[in-house]
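Going line by line, the protein sequences match chains A and B. Position 249 (the first sequence) corresponds to 249 in our numbering; numbering is contiguous. In short: position in the second sequence from 1, add 264, done, that's our numbering.
Just so you know, the hints here were simulated from the structure itself, not pulled from any lab data. Beta carbons are placed, not taken as given, at the ideal position from N, Cα and C, and that holds for glycine. Just to be clear, a hint being listed does not mean it is correct.
To be verified - FRET-style restraints, in silico, Cβ to Cβ:
#1 Thr268(B) x Gln250(A): 36 to 46 Å
#2 Arg322(B) x Ala219(A): 49 to 59 Å
#3 Asn4(A) x Ser440(B): 19 to 29 Å
#4 Ala274(B) x Arg6(A): 42 to 52 Å
#5 Ala55(A) x Glu401(B): 16 to 26 Å
#6 Ala54(A) x Ser440(B): 10 to 20 Å
#7 Glu270(B) x Ile236(A): 45 to 55 Å
#8 Arg319(B) x Ala231(A): 35 to 45 Å
#9 Ala24(A) x Thr268(B): 32 to 42 Å
#10 Ala54(A) x Phe327(B): 32 to 42 Å
#11 Glu60(A) x Thr266(B): 20 to 30 Å
#12 Arg328(B) x Ser261(A): 22 to 32 Å
Claimed, not checked - Just so you have them, the derived chain B footprint on chain A, three or more residues with Cβ under 8 Å:
#13 12-21
#14 47-56
#15 59-68
#16 250-262
Below are the chains, spelled out letter by letter.
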Amino acid sequence: MTINMRCQDKERLVSYLYDEHTDAERDAVEAHLARCRDCSDELAELGGVRHHLAAWRTPEIDLGFRVVRESLAAAGRPSRWRVPAWAALPAAAVLALAVGAAIANVELRYDTGGVTIRTGWSRGAPPDVRPAATTGASTQAVSRVPRSAGMTDEAWRSALVDTERRLREEFTRTRAAAATDASGVTGPLPDRADLVGQVRALIEESERRQQRELALRLAQVVQDVETQRRADLVQIEQNLGQIEGLTAAQRDMMQYLVRVSEGQ
Amino acid sequence: MTRTDEELVALTVGGDVESFNQLVVRWERPIYALAYRVIGREEEARDVVQETFLRAFRGLANFRGQAKFSSWIYRIALNLCRDWIRRERRAPVSQAPEGVDLAELVSEHGPAESIEDLVARHDMSGIVARAMERLPEEQRTAIILKEYHGMTFQEIADLQGCPLSTVKTRLYQGLSVLRRQLREQGHEASSVGRSR
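Chain A with its partners taken away, still in its complex shape (with noise of 0.2 Å):
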């Protein structure tokens, strides 16, 4: 079958251009590209612009897309999620209270003795850390009387009532060998009742003195969080003014993310 090729039938010159034709077709487009100069030129031209096309490339970038199975995904990822500001603010009022107890040295305790605060300023050595100079009697006499689970309440009273003998024997021993030590000293002896008065004294101006030193700390951690809470405010309605500014193709990119995160 003869084809006989017009200038309009630009589909056969195409199809020459690409050299994806039938023999028939060759055919037809060489006739008639013998004879017409305009086509012959056009499909020069556009062999041209298939040389130019030749040149645009592409970057070279390392994808490095690689499916892995869940669990192993899972094992190795880290997270990747940020913590929002909204809920940063429980957490910064939980670490602000952590700071400020581990700067005051707070301890919180609470157990079937009801709930106990103590600063470290008035806490003495830990109880398992026994003094080096502490003699074996006193050692005995700062021991703890242990409340072992399934104790009774008799036996517990029993148990203090012994300790509490046990340290008026041992203060009294003491008070006698003070007196033997202090008969040796010259001069007069301070009127007992007046210096356990002093002592006294002195133990309550130091306990007013803890007490007011804790109320000024609590005050402060309790600064620090609304300080925090008001700086959390701030961000969380900086980050709403941000988003609410995102235009809709960054709206569209954060989903995509999202979407392909969760895929993955």
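Based on these hints, arrange chain B on the given structure of chain A.
Same frame as chain A, but now just chain B:
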């Protein structure tokens, strides 16, 4: 032994994830090149590639082999590119490829090509990119699939969902517009003649 795409697909469906990764390695760069040229943005093209393979992986069980794997994955990528263009409601924005430098070009082409030619080629890359971005999406995609992916008219027609004659018309119209644009910028389409 190099397995065919279809063999790797079958292995993946059978639970061998690594086989799918071989498919990714085999096709990620052509898909990236396609996405980059269609939408004209590096990062978005990268996203398209990732989404393409994610969708392919999830839909692999439904891939019955009625088409070649490459055609299937090209279709996914093209649909994603089309979605992106429609979502953005704009033509692609050509970016100068950041990963291309003269040193790299020299190392690739060796001493046979002069520095002047390399620079000219580099410049021409940007000129072509800007000219291509002005084309209607269908013409641009047809040219990309034909010129850079070596597809037949019929394969392009299948991907674009149009008659074969429409593909030829799109190619002709697109090339003609490019010829005019290049001429306006002082880049005469030299008489190279038929090339393949």
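### Query
When the hints from earlier in the document are held up against this structure, which numbers fail?
none
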